Structure formats: structure tokens, C-alpha cells
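Chains as they are written, first to last, in this note's numbering: chain A, 21 to 281; chain B, 18 to 283.
Worth flagging that the hints you see were computed from the coordinates, not collected in a lab.
Just to be clear, a hint being listed does not mean it is correct.
Some chain B residues well away from chain A (every beta-carbon gap over 10 Å; in silico) [stated by the list, open to error]: (1) Phe62; (2) Glu65; (3) Asn118; (4) Ile202; (5) Met265; (6) Arg275.
Distance windows between CB atoms, simulated [claimed, not checked]: (7) Thr106/A to Leu242/B: 54 to 62 Å; (8) Val41/A to Val258/B: 32 to 40 Å; (9) Gln105/B to Trp184/A: 17 to 25 Å; (10) Gln216/A to Val139/B: 28 to 36 Å; (11) Ala25/A to Lys74/B: 55 to 63 Å; (12) Leu242/B to Gly256/A: 53 to 61 Å; (13) Ser115/B to Ala209/A: 53 to 61 Å; (14) Leu130/A to Ile111/B: 53 to 61 Å.
Model, not experiment: these values are computed from the prediction.
By construction, the Cβ of each residue, glycine as well, lies at the ideal position given by its N, Cα and C atoms.
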Amino acid sequence: MSSLARAAFSSFRVSTRLRVVSPYAYLNWLVFPLLFAAVGLYVLSRPGAPASHLTYGLLGGGLIGFWSITYLDGGNGIQDERWNGTLEQIFAVPTPLWVILLGKIAGSLLFGITAFIPTVAFAYFGFHALLPHIDAPRFAISLGVLSFSFLAIAITLTPLFALWRWAFQMLNGFELGVYVLCGFMFPVAIIAPWAQGIAGGLAPTWATRALYAATTTSGPHDYVAWWLAAIALSLGYMVCAVFLYRLVERHARISGDLALA
Amino acid sequence: MNRVLDEAAVFARSTFLQYKALFQWATVRGYVAYKVLLPVTQILFFVELGVYATGPKNALYFALGNAMQLTANAGIFGVIATVANERQFGTLPILLGSPANRLVTFLSRAIVNVIDGIATVVIGLVVSVVLFGLDLQHGNLLLLGLCVLIISLTTAGLGLMFGSIGLVMRDAIIIANVVYYLLLILCGINFPVSRLPGALQVLSYSLPLTRGVQAARDAAGGASLQQVAGLLAGELAVGLVWAFGGYMLFRLLEGYARRGGLQEAF
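Assemble the whole structure, with the sequences as input and the hints as a guide.
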């Protein structure tokens, strides 16, 4: 067990060191969140706008940065190895693949969650925006549940992106659609009912709902139901991921064509 | 006369080869992802954001603004990628070593992307009509078409400027991402330019799109050519200045890249 933890930590350390020297990481961590926060705050912070609007502008940029890092950086855990020419070595080592990927994805999530720092600072210094009310314990739990749902998604996307490259293209093109469906910058309740149905199948939607509910006293506060929905959906993604990882193993070890996929 | 014909042939050949080799969305999946899904979701996101902030009455303001801004998808990403991809494919040294007229080579990089930019806006407008009921019945459609053409040209002008940086920079596509999304803030796409701080308003009016989007909104409202002529002339002038600046930068950085061997750095 300790050897697995050591391997995961090494993977975390190496991937973090690579990340901090990558300009693309800063694009997703700093530039995108700030740009979206700026648009969001300009649109949402009109004179007389309710405080809840400002909260969406304030936290929305950070959520977008967190998500971008999760699916781009975390989701490309195997793809990066392929591009770096280290895919075969990763599969040849005795450490299970999931341990190496867990370390890498944990590094991505840790990096991603700090995307809130520049956006909240920008909101404060640029728009004098502060969170009006915060239920700290529930906010913290909601953020933890959101992080878990992102972890599950990154773990699921990693084999998906490795097996079918077009899956990354499609998700990359659909990135702003995810912002809509997960309610990162406005409530999901305002979108079309059929789209709300799709949004209900996404774990981050429920966690984001709980996160925003913890910043206001108005509206329903069914935290437990929302957290459980997010966790159950995340576990469901992980079950799917098990089958995808088996497929990756088969392509890597039996047919040997993963590096060519 | 022969010289002009020769240059025209180089221009046509270069444009064709740009499309064949460097148009990065030339696959069905790539085109669907970045030229259909991205525009649709961009419009959806900003319209919903606008509706949440200001009410449903303003949906068309956001829909039209973002539909016009989609020209930058081709004009900025596409044009910058033509240089960035030359580097990635290892053909940049060959390009810089060729005796072809630089101005012709430079301008030919924009043509396919201008056409593609117009196609993307058409997709954006169709989405706006179908999903948000954008009513163009009383709009001046010919004038709106002219606005789209001019905006596509001017954003490509800006793309040429930043594409030149790809001669000396390895990750020029990062610049494309930053510029594309900065235009959403600076050009009056989702909120009036007057809400920006004074210095940023000056920057805003020195960029493509700002006047063009205003003219397109007026055209959609039924304005005549005379009413928006000033805006369109200003938009064209701004685009020309950026394209000319881009050409000068291209020549400057070409020499710099050659001396430092930077065109092969990857």
C-alpha cells in the first residue's frame, strides 16, 4: 500500500513540475477564468442587480478555470504520455495504471481549484465584489463534492480521450455548453426544460447548485439530496471508467496499437 | 502585365495550398467540433448569461453580438494557425527560404479564413434565428451581409498581425486564445463599450469588430448604408492598419527568425 502511495505521490510531483512550466496550464488556470470572470462581472453587475447575480460573476470564473484544468489537463493523462513517448514505459512498470493517473489527476485538481484565487481577487479589486453571505461548512462540503465529481470525470475522460481522439475535439468544442449545463455562471433553472434534463445527468450540476446555495439564504437548500446526487453520478462515471480502462489495457498490451490510436 | 499575372498565380496557388495543408478544421469531426458546436454553445452561453442578467428582451443583443464575433474564430485562430502550423510541420524554413513575394504569401494566408469566417457567422445567425427567434424581417439583409464580409476581413487583419509573432514564438496559438476571448470583453459584444474604463475604450475602438458589430446591429434593425457608412469605413480602416502592421512585423520578425534560427525551434 505504501509503495502505491509513493508511486502516486511521485506521479503527482512530476506532473505538477511539468505543469508549472507549461504556458497552456496558465492559459487555463489564469487567463480563461479571468476573461470569463470579466465578461460575467460586466454583464451581471449592473446597477441594481441582485447580490446573487454578483455571486455568479464572482465564483463563475473560478469554476470555469477549475473545470478547464480538470478536463484538459486531468483528462489528457494518458494522451500526454503518448505525446511524450512514455506510454510504453507507463504500461511496462509494475505500478497499476490507475495509481499513476490518480497522482496526475490529483495534481490537476489541486492546481485547478486555485483558479478561484485570481478570479476572486479580480472581482474584489476590479468590481469591489464580495460574497454577500456564506454558509462556510456547507460551502466547503459542496466544494469537496464538486472536486470529487471533477475527479471522477477526469478519471473517466482519461481513457476515453486516449481511445478516441475525436472525443477530446468534441468536448473541447462543447466546452461552453458544459458551462451552460452545469450552471457555472447562471442557474440551470433558466435554461430550456429539455436541457435541464440533460444537466441533471451531470454530477457537477448538483454540486455547483449546492455551492451557490451556500452563498445565499433564499431559495431551496436541499444540500444532502444535491450532494448525494453528485456523488452517485460520480460513482456511476467511475464504474463506466473501469470498462474503459480495460479497453485501454487491451489496446496497450494485447493489440499494441494504443500508441497509434 | 506578366509580372502581375505571375503574382496572381502565386497568390492563387498559395491560397489553395494554405487550405490543403494548413486549414486545421478540414476534417468532418474537426469542423463539427470547432465550427458548429463551438459557435452554437458560445451563443447559447452568452445569451443565457445575458437573459439571466438583463431579461429575455435583450436576448437578441447578445445573440447578434456573439454571432458577429464568431468571425474571429476563423480570422484569429485560423490565420495565426497558418504560421504556427508551418512551424509544427517543419515547413517554415522552406517558406522563408522561397523567393515568393512576401506580401502575396502573407495576404494569401487570410483568404480561406475570411470565407470560413463568413460561413461561421451564417451558422451563428441560423442558430440565433432558430433558438432565439432573431427577427431579420425588418433588417437590411444586404447591409448585414456587407457588415459580415467587412468584419471577416478586419478580424483576419488582426489575425495577420498576431500570426506574425508565430515566426519567433513556439506557442503562438496561446495568443490566439487570449486575443479571441479578449475581443469578447473589449468590442461591445456582450455589454456596451461605454462601460469599460477610459483607456480600454480607446483600445476598444482601435480593434476590429467594435464598429462592425455596432453597424451589424443597426443593419439588423433596418438602418441604411448611409447611416452606418462611417462605422463600416472606420472598421475597414482599423482592419487595414492591423494588416499593414502585421506585414511590417512579418518582415521584421522574418529577418530576426532567420538570424536566430528560430523558425526551426519547436
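Cross-check of the supplied hints:
no.: 1; hint: Phe62; in the structure: violated (4 Å)
no.: 2; hint: Glu65; in the structure: violated (6 Å)
no.: 3; hint: Asn118; in the structure: holds (34 Å)
no.: 4; hint: Ile202; in the structure: violated (5 Å)
no.: 5; hint: Met265; in the structure: holds (26 Å)
no.: 6; hint: Arg275; in the structure: holds (24 Å)
no.: 7; hint: Thr106/A to Leu242/B: 54 to 62 Å; in the structure: holds (60 Å)
no.: 8; hint: Val41/A to Val258/B: 32 to 40 Å; in the structure: holds (36 Å)
no.: 9; hint: Gln105/B to Trp184/A: 17 to 25 Å; in the structure: holds (22 Å)
no.: 10; hint: Gln216/A to Val139/B: 28 to 36 Å; in the structure: holds (29 Å)
no.: 11; hint: Ala25/A to Lys74/B: 55 to 63 Å; in the structure: holds (57 Å)
no.: 12; hint: Leu242/B to Gly256/A: 53 to 61 Å; in the structure: holds (57 Å)
no.: 13; hint: Ser115/B to Ala209/A: 53 to 61 Å; in the structure: holds (58 Å)
no.: 14; hint: Leu130/A to Ile111/B: 53 to 61 Å; in the structure: violated (44 Å)
Checked against the numbered hints given earlier, the structure breaks hints 1, 2, 4 and 14 and satisfies all the rest.
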